[in-house]
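Asks: Sequence:
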Amino acid sequence: MTLLFKSLGFGVLFGLVMLLANHDKPSKLLIFLKYFLIGTGGYFLYEWIMG
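full-length UniProt numbering numbers the first residue of the sequence shown as 1 and each following residue consecutively.
A hint or two may mislead.
What the hints assert, rightly or not - Only pairs whose alpha carbons sit at most 30 Å apart, straight line, appear in this in silico DSS-like list of lysine-lysine:
no., residue 1, residue 2
1, Lys6, Lys25
2, Lys34, Lys6
3, Lys28, Lys6
Stated by the list, open to error - Restraint ranges, calculated between C-beta atoms of paired labels, are given here:
no., residue 1, residue 2, range
4, Leu13, Gly51, 19 to 29 Å
5, Gly51, Gly9, 14 to 24 Å
6, Ile49, Phe5, 17 to 27 Å
7, Glu47, Pro26, 29 to 39 Å
8, Pro26, Trp48, 30 to 40 Å
Worth flagging that the hints you see were computed from the coordinates, not collected in a lab. Heads up, the beta-carbon is just placed ideally off N, CA and C, and yes, glycines get one too.
Based on the sequences and whatever the hints tell you, model everything.
Replies: Below, the structure is given as structure tokens:
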């Protein structure tokens, strides 16, 4: 359960940072969702593999 919350937290932070980096693009929600999923999945896989 802790890994899930850590992954979601990292996904939110990664999504917000990438949203700030791409602030001039029109589809802000899609940018956030894309990088949120990349950040969440990446952190989860990293922690799961490196364990």
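Asks: If a hint holds in the structure, say so; if it doesn't, say that too.
Replies: Comparing the hints with the structure gives:
At roughly 28 Å between alpha-carbon atoms, Lys6 and Lys25 fall within 30 Å of each other, so this suggested pair holds. The straight-line distance between the Cα atoms of Lys34 and Lys6 is roughly 18 Å, inside the 30 Å bound, and the hint therefore holds. Only pairs whose Cα atoms come within 30 Å are accepted, and Lys28 paired with Lys6 is accepted, the gap being roughly 23 Å. About 22 Å separates the C-beta atoms of Leu13 and Gly51, a value consistent with the hinted range of 19 to 29 Å.
The hint said 14 to 24 Å for the Cβ distance between Gly51 and Gly9, and at roughly 18 Å that hint holds. The given range of 17 to 27 Å is respected by Ile49 and Phe5, whose C-beta atoms sit roughly 19 Å from each other. A C-beta distance of roughly 34 Å is found between Glu47 and Pro26, which places it inside the suggested range of 29 to 39 Å. Checking the proposed 30 to 40 Å range against Pro26 and Trp48 shows it holds: the Cβ atoms sit about 35 Å from each other.
Every hint, counting from the list given before, is met by this structure.
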